[in-house]
Amino acid sequence: MKHNTDNHKAAPKRPKHRFKPGTIKRLYSYMAEYKYRLIVVFLCILISASASAASSLFLRTLIDDYITPLLGQANPVYASLARAVMSIGAVYLIGVSATLFYNRTMVIIGQGTLKKIRDRMFEHMQALPIRHFDTHTHGDLMSHYTNDTDTLRQAISQSLPQMLSSMFTVIAAFVSMLYLSVGLALFVALFAVVLLKVIRVLVGRSGSYFVKQQASLGDLNGYIEEMINGQKVVKVFCYEDSAAKAFDVKNEALCDSATEANKYGNITMPIVGNLGYMLYVIIAIIGGAAGIAGVPNLSLTGVNTLTIGTIVSFLTLSRAFINPIGQISMQFNMVVMALAGASRIFELMDEPVEQDNGHVTLVNVREESGVIHECEEKTDIWAWKHPHSDGTVLYTPLKGEIRFFDVDFGYEANKIVLHNISLYAKPGQKVAFVGATGAGKTTITNLINRFYDIADGKIQYDGVNINKIKKADLRRSLGIVLQDVNLFTGTVLDNIRYGKLDATDEACIEAAKLANADGFIRMLPQGYHTVLKGDGSGLSQGQRQLISIARAAVADPPVMILDEATSSIDTRTEAIVQAGMDALMKGRTVFVIAHRLSTVQNADVIMVLEHGRIVERGNHDQLIAEKGRYYQLYTGVFELE
Amino acid sequence: MIRKLLASVREYKKDMILAPVYVTLESVLEIIIPTLMAFLIDNGINQKDMTYVWKIGLILVVCAVFSLITGVLAGRSAAIASAGFAKNLRHDMFYNVQKFSFSNIDKFSSASIITRLTTDITNVQNAFQMMVRLAVRAPMMIIFALIFSFRIDAKLSLIFLGVIPVLGLGLWLIMSNVHPIFVRVFRTYDKLNSVVQENLRGIRVVKSYNREAFEVEKFKDISKSIFEDFSKAEKRLAFNMPMLQFCLYGSMLMLSWFGAKAIVASGNNAAIGLSTGELASLITYTMQILMSLMMLSMIFVMIIISRASVERIVEVLDEESDLKNNDAPIRDVKDGSIVFDDVSFAYTASADKMVLNHIDLTIQSGETIGIVGGTGSAKSSLVQLISRLYDATSGSVKVGGVDVRDYDIESLRNQVAVVLQKNILFSGSIKQNLRWGNEKATDEELIKASQLAQADDFIREFPDQYDTYIEQGGTNVSGGQRQRLCIARALLKQPKILILDDSTSAVDTKTDSLIRQAFRENIPDTTKIIIAQRIASVQDADKIIVMNDGKVDAVGTHEMLLVNNAIYREVFESQNRGGVGDEA
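Heads up: the sequence lines are chains C and F, in that order.
Each residue of the first sequence is one higher than the one before, counting from 1 in this note's numbering.
Each residue of the second sequence is one higher than the one before, counting from 1001 in this note's numbering.
These are computed hints drawn from the structure, not numbers from a lab.
Any given hint might turn out to be false.
[Said to hold, decoys possible] Listed next, the stretches of chain F that the computed footprint assigns to chain C, with coverage defined by at least 3 CB atoms under 8 Å from CB atoms of chain C: (1) 1037–1047; (2) 1090–1103; (3) 1188–1195; (4) 1429–1442.
[Claimed, not checked] Negatives, chain F to chain C, calculated, CB over 12 Å: (5) Glu1030; (6) Leu1169; (7) Met1243.
Backbone N, C-alpha and C fix where the C-beta goes; we use that ideal spot for every residue, glycine too.
Excised from the complex, chain C in its bound form:
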């Protein structure tokens, strides 16, 4: 679009790893419907972590209470051991069930939350004003659906439960350690603090390189996208070597930051794990010395002496305590990245939606003895319905009259691009806009269907101020065919039917015939049922325009806007289409924008625009006779002789 020269893209982007405060809370609000399930998941993780702690504790019980007493017995009786094994077995079984349950429930919560976010985001995006799409690159908007949701998915379904479970395991292990020996547990806690300091440094380093990596990845991918999309131009200009050289620089930068980021990520686990082994040795030495010396041991169950079983169990617990710390730190970057993604998504959702204060609606009516009645069934007769504050309702028949009264407009508040535009189009008239690129022709049409709202003045449709008309109804009463044709994945028929969803196949084919598209459509491999992909890339620009004309024809609105609708159709074909176009335009109010003056010659009135002002108006003959700007434009063609 022409007015994309905005300040938005120039604004510095927030660094990728930052997230707004409140993001977590907001994320939770999307999970709120799973509140009870979340509590159950929480409990299950707790149970599962307890079961794994119990398994470490069991070793002590096994050795101290069952194996040691049986040692040296001539006829050991294993009945009590069997009972103990059975009961811990039961605990394990509960633990496994809890694990299974929370893993499966988390899938629903994670995927459900994501679906909700995705759907809400798209819904919200549909409600955003055109301005938002004109001022943001598609790539930026796309990345919310790809990168941002993807990291969020991984964080919710993997990192979150893993972190929770690790956290519980750490706590459970620590409580168990306290249960065995307060002194040793405190020592382990002290060690953990040191360990956390080390981890913080590592994670911090890795984090800042991760940010760098994301930035250089974005940079490189952006470059790749631009160059590959322009690859044909690259070839025409023999620019391959230069393109490759610039690519190498960016590629090298990415490689450097990726290496560093992964390096720190990769070495966290070995460092934590092996420091854990060292802790193990230290505890063995201290505990061993204390146990041998018979030092009194304070535990949660009271003061006793350190037994061998206690030390052995404690050693196992220390492993169960340290390893999850490493796992949490591994997930940390992932979670931060996901939160940053989530906060970008929420930012989009916070964008204000298109305002619609309209109360005048378009309804089907039936005329009975000169009086208009609203009715449910389709009559193909339409009227504007104005409810008044006093409860009375006024019906005005839909005719298609458009009036502009002293309209001013600018895409930015302080830059007016249209000045004092006044014009009227009576029902069935054809109004053409001509003028140089950037004179404001497209802008005028953007105002009629309220893609943008005017700054000053007023626009009326059938005598109703368009601000009072519900946007959906206003747009339903306007058909639009744009220069840039956009088709959707689906059959040709689907694409034509886009104009009116309940149109029959016959009506669509009729519309295609009207637009003179029927001929080439029938030549397609599956005719009307040929599936178009990638914006109809298999078709020529002209063929795509014909489909979009058919799409507008099937919608059958009283007012049509044709913005360079036939620019890519060669004039000879246009002459053939013209018959269809004339049929299409018959009985409708039509606004035509065209470069080709031949397209607009038969207009009822031609407006010549210059720098946002109407400088001349009149029909072709009048304007030619005036020998003004239009005459110059028109005869410019012949000036060469």
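Based on the hints, put chain F in the right spot on chain C.
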């Protein structure tokens, strides 16, 4: 396929090999450590022998230090190797794409090449890093752990032999079940992306037809099928962890029961049979073995996911440009004359209909040639053969009296400048964009070319003039301005042949004629070929070629064609209806 991929490892081969070596050392140490721990408990703490505890403790610490060092080194090497490998792979792909001909690009489509260069490479990089670190580690751990546990107690270790196949089978069942679902999910993801993309591009259409709700429904449908499939897949994957726990706990219970009996039988004497310390080691090994199995299953998933990516990457790497220089290419283009000698052309070899049929044309150097014809009459195809963007299927195209296939491609294209119908500007200043035509062009040359292309005036109206930043795709200049910048860019090449493929369609008629006038006066020796929709753009040409359905319908001057050619006359009349032009 893998070999093709590994060819991109190159200077990172050292790290690629070192990483698993370090990993192997690390896993050996990680297996030795539990054994040492068992010694520590059995012979040290249980025997209340503190000197032994100190001795083994010290060895343990040394082992831990070594394990730490090897672990860090392994992590480092893996990071270097995988980032480097990705870099080289990306480099190789990008360079190969640079060699692509137009038909190669058409074959893949830009969008697909981009995905292959970005997402697919990232997938492969992640998989590669994981392979280098874990693919060796997991089996090593299993093997070493098994060896050590068998050394401790062969009978008890039989438990592992029972459990491993059970877990392995379970994992395999889950994976093979989940794989097809994942493949489907990723395909649905593509669909979701394309819906969003189409919606963004066509947002004006969506809004003018009030199709927001319709689009939301379309999106929700796909979103729902992603939700369903993903949930299905992940719910099955959710069995992994509990199954692992089940096997782990099961083995531990059996170890406890049989281990207790064995310890009692041996009197807790390691020399005779099992000891308490050894039992603790066995339990550690159980965890290690089962965890490693889990790792293997994850690697398996990774491979499945990245397999598709690998295939897509190799496809690009394997693609060979179908345009190649001759052995002794000619670098000098003598003049701008062009001859089409019985040229026929089709975009793909398999096409059953030729796009161009038996074209014979002779164009003198310095002539101005206009080409007109309906949509799909192959005007663009015709001119694209001149700078050898495609090769003729049969017949020959000669420039300066030499077959284009005998030229060095770069030399030829430097002399034949084409302004494509889909003209593209790149992000960067106007100056940078213009210098694509000639990297060494001086500011004066830039201005001169811009003047000829009638771009100088509007450029000077920008606050930053020639330093104005052009957004990606040139979205911040109008269509007509973009076309004129593209023409200026082509002029800077100072080519012998200049081809404008409908490049002034968005320029108003007045400017259009000024451009042609400038061409006539300033570059009289350059052969100028102008494809246009407007008769006005070509009617002063030396010769006008009328194309129809892949054939030359007529060649002649404006006046001749008006008299002799029905198509031309029809087009002319359609553009000059009303007859007012005749008066002027």
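- Item | Least C-beta distance between Met1243 of chain F and chain C, which was stated to exceed 12 Å | violated (8 Å)
- Task: Apply the coverage criterion to the stretch 1037–1047 of chain F and chain C: a residue qualifies when its Cβ sits closer than 8 Å to a Cβ of the chain, and three qualifying residues are needed.
- Result: holds (count 6)
- Task: Given that the stretch 1188–1195 of chain F was listed as covered by chain C, double-check it with a C-beta distance under 8 Å for 3 or more residues.
- Result: holds (count 4)
- Separation of Leu1169 of chain F from chain C, once the least beta-carbon distance is taken, above 12 Å: holds (18 Å)
- Cβ contact check, 8 Å cutoff: the stretch 1090–1103 of chain F against chain C, three residues minimum: That given contact holds, which follows from 10 residues of the stretch 1090–1103 of chain F lying within Cβ reach (below 8 Å) of chain C.
- Query: Any Cβ of chain C at or closer than 12 Å to Glu1030 of chain F, or is the non-interface label fine?
  - Reply: violated (8 Å)
- Message: How does the stretch 1429–1442 of chain F fare against chain C when you require at least three residues with a CB closer than 8 Å, holds or violated?
- Response: holds (count 3)
Violation of the numbered hints given earlier is confined to hints 5 and 7; the remaining hints are satisfied by the structure.
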